[in-house]
Amino acid sequence: MTDIASGPPAAGSQAGRRPEAIKAIPVRHPWRWVSAVVVFAVVADAVYTVITAPHMRWEFVSRYLFGRLILEGAVLTLELTVTAMAIGIALGVVLAVMRLSPNPVMSWLSWFYIWFFRGTPVLVQIFFWYNLALVLPHMGIGIPGTQIGLQASTNWLITPLMAAIFGLGFNEAAYMAEIVRAGIISVEVGQAEAAQALGMTRLQVMQRIVLPQAMRVIIPPTGNETISMLKTTSLAFVATVPELFTRAGQISSANFAVVELLIVISIWYLAMTSILTVGQFYLERHFGRGSQRELPPTPFRRFRQMLFTFHAPPPGTALAPPINSGRH
Amino acid sequence: MAAAPMVKAETVYKNYGRLEVLRGIDLEVLPKEVMCIIGPSGSGKSTFLRCINHLEKIDAGRLSVDGELVGYRERNNRLYELPDREVCRKRSEIGMVFQRFNLFPHMTALENVVEAPVRVKKEGRASAAARARALLERVGLTEKVDAYPNQLSGGQQQRVAIARALAMQPKLMLFDEPTSALDPELVGEVLDVMRGLAQDGMTMIVVTHEMGFAREVGDNLVFMDSGIIVEQGAPRDVLANPQHERTRSFLSKVL
Chain C
107 MTDIASGPPA AGSQAGRRPE AIKAIPVRHP WRWVSAVVVF AVVADAVYTV ITAPHMRWEF
167 VSRYLFGRLI LEGAVLTLEL TVTAMAIGIA LGVVLAVMRL SPNPVMSWLS WFYIWFFRGT
227 PVLVQIFFWY NLALVLPHMG IGIPGTQIGL QASTNWLITP LMAAIFGLGF NEAAYMAEIV
287 RAGIISVEVG QAEAAQALGM TRLQVMQRIV LPQAMRVIIP PTGNETISML KTTSLAFVAT
347 VPELFTRAGQ ISSANFAVVE LLIVISIWYL AMTSILTVGQ FYLERHFGRG SQRELPPTPF
407 RRFRQMLFTF HAPPPGTALA PPINSGRH
Chain D
202 MAAAPMVKAE TVYKNYGRLE VLRGIDLEVL PKEVMCIIGP SGSGKSTFLR CINHLEKIDA
262 GRLSVDGELV GYRERNNRLY ELPDREVCRK RSEIGMVFQR FNLFPHMTAL ENVVEAPVRV
322 KKEGRASAAA RARALLERVG LTEKVDAYPN QLSGGQQQRV AIARALAMQP KLMLFDEPTS
382 ALDPELVGEV LDVMRGLAQD GMTMIVVTHE MGFAREVGDN LVFMDSGIIV EQGAPRDVLA
442 NPQHERTRSF LSKVL
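So the sequence lines, in the order shown, correspond to chains C and D.
Residue 107 is where the first sequence starts when you use our numbering, and the numbers rise one by one after that.
Residue 202 is where the second sequence starts when you use our numbering, and the numbers rise one by one after that.
A hint or two may mislead.
Said to hold, decoys possible - Residues from chain C that face chain D, not an exhaustive set, calculated with beta carbons under 10 Å:
| hint | residue |
| --- | --- |
| 1 | Arg314 |
| 2 | Gln319 |
| 3 | Asn330 |
What the hints assert, rightly or not - Listing some non-contacts, in silico: residues in chain C with all C-beta distances to chain D over 10 Å:
| hint | residue |
| --- | --- |
| 4 | Phe172 |
| 5 | Glu299 |
| 6 | Phe343 |
| 7 | Val384 |
Claimed, not checked - Not the full set, but computed from the structure, chain C residues with beta-carbon under 10 Å of chain D:
| hint | residue |
| --- | --- |
| 8 | Ala150 |
| 9 | Glu294 |
| 10 | Gln297 |
| 11 | Gln302 |
| 12 | Thr307 |
| 13 | Ile315 |
| 14 | Met321 |
| 15 | Val323 |
| 16 | Ile325 |
| 17 | Lys337 |
Don't read these hints as lab results, they were simulated from the structure.
Please read these numbers as outputs of a predicted model, since none were measured by experiment.
Even for Gly, the Cβ is constructed at its ideal location relative to N, Cα and C.
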């Protein structure tokens, strides 16, 4: 029997009786090795088939990969993506807040917008803006019944680039509105209540308390949308906007290197989406502030850790050691 | 003649759909008074508290704070709903502390306390921060100024929440079961802060299950059950010598 009267046992008082650390032989996974070999063989064969395709002219790929026309196309694709997403996010936030507004006019207007722009194909929308001048040669704003107002030719207002931006951006806003709304709803009601109890207005509560917390939920699907948008910009070719896909089409219609140029632009799309993925990671890290005790390690740190430990940690375990872990 | 009451409720009714949560509450809280409200869960005590700063609308009766109706203006015997701006201004004069703290998790302790003075009162950031630091010191959290809520214990979070409410220099503080979500060993530190506030003359309405606190700090004690005030009086009397059977059976279970 231990001596209870001597108070709580000091740390390590039982150290002498601590058994040796377990050294067990880990379970072997032979099928992992087998499947790895099979997968590698299949993929290698597919790659080899493409590389050695009889009519593939690889010199076209290398010639055009950094060609001026393609580079310009890539820049335009990026610009289109950024502009359309900017419109989509800004308008989406407004629509989401309107949708949740106690004002029925606002909430119905938002509902109608989402219903309409989500319910029609984005390709149709781009084409619509592009061809609007056919039925509406002039556009303007003014006060009805007076001569006061501004008018301009539709062709001058809606250039092909604008048609693509409107089509992509307005469509995106409908999707972003739903994403933002989901984010707003995900924030605990107590947060808004606490802010209201301090005397903050509805708008302040939204801006300062709810939206920043909603970001954590909003960012991952928004990253998804951005990556998706980067590829959807290729639809701008129907409006003759000279982005990547249009450029590839123009070049290959001259030299018939269709597949080669598709490979060229695919490389660019992949490169750009990869960069966006990294950007998304850091954004998520930034907005995860305060929600986790410890920020997740950056890929670089994770890589370094992997090198030092010489094996991937088992799934589901924290990669970074907790700050206060007393055990080592 | 006693001072004009800080809070005055006259036959206040509140229902959610067909469920009547408050069924005729009459209550007066004087300035500098500490009023404790006890009662079983579902008795309407939290709802009543939330009606005082208009987080909930009452359905019948009159409820006023510092002589002004909550949520309405009365003119020519008719009630006019107050615009949002007015409701916000009145709320800013009443501090509220929640059971689940409800600190803003994306802000540090200091930012939590600074937020409302800067946004609502348009106070300068520097002076608001200086006051916030003083308040956090007062609740014993000088070291934790830059900590995020999830780096704080429950007791520390609740003390930040109290500092956050005090930063608006309220004339009335509402506490909605401020210690109910805390580990037992952390309850004391929060009650100590509240005791200090009471000694400094803050008008407080405290919904609580801490009978010791009610007995020691409370000037008045109200026992509520199923939407009505069953019994009311000096805490010592009500706790030691309850007049109603319902009070007796409740106290026998919690004491």
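Taking the hints in turn, this is what the structure says about them:
1. Annotation: Arg314 of chain C was flagged as interfacial toward chain D, and the flag holds, the nearest CB pair being 6 Å apart, inside 10 Å.
2. Among the interface hints, the one on Gln319 of chain C holds; its C-beta lies about 6 Å from the nearest C-beta in chain D, closer than the 10 Å criterion.
3. Violation of the interface hint for Asn330 of chain C is found here, the shortest Cβ-Cβ separation to chain D being roughly 23 Å, above the 10 Å cut-off.
4. Non-interface status of Phe172 of chain C relative to chain D is upheld: no Cβ of that chain comes within 10 Å, the nearest being about 43 Å off.
5. With a minimum CB-CB distance of about 6 Å to chain D, Glu299 of chain C fails to clear the 10 Å threshold, and the non-interface call is violated.
6. The claim that Phe343 of chain C is not at the interface with chain D holds, since no C-beta of that chain comes within 10 Å of its own (minimum 42 Å).
7. No Cβ of chain D approaches the Cβ of Val384 of chain C within 10 Å, the least distance being about 23 Å, so the stated non-interface status holds.
8. Below 10 Å, beta-carbon pairs count as interface contacts, and Ala150 of chain C has none with chain D, the closest being about 48 Å; its hint is therefore violated.
9. A cut of 10 Å between beta carbons decides the hint on Glu294 of chain C: the least distance to chain D is about 8 Å, and the hint holds.
10. Using the Cβ-Cβ criterion of 10 Å, the hint placing Gln297 of chain C at the interface with chain D is satisfied: the shortest such distance is roughly 6 Å.
11. Here the hint on Gln302 of chain C is kept, as its CB sits about 6 Å from the closest CB of chain D, short of 10 Å.
12. Annotation: Thr307 of chain C was flagged as interfacial toward chain D, and the flag holds, the nearest CB pair being 5 Å apart, inside 10 Å.
13. The interface hint given for Ile315 of chain C is met, as the beta carbon of that residue sits about 6 Å from the closest beta carbon of chain D, less than 10 Å.
14. With 10 Å as the threshold, the beta carbon of Met321 of chain C comes within range of chain D, its nearest partner Cβ sitting at about 8 Å, so the hint holds.
15. This hint is violated: Val323 of chain C has a C-beta 13 Å from the nearest C-beta of chain D, more than the 10 Å allowed.
16. Below 10 Å, beta-carbon pairs count as interface contacts, and Ile325 of chain C has none with chain D, the closest being about 13 Å; its hint is therefore violated.
17. Residue-level restraint check for Lys337 of chain C is violated (minimum Cβ-Cβ distance to chain D is 32 Å; threshold 10 Å).
In terms of the numbered hints stated before, the structure departs from hints 3, 5, 8, 15, 16, 17, listed from lowest to highest.
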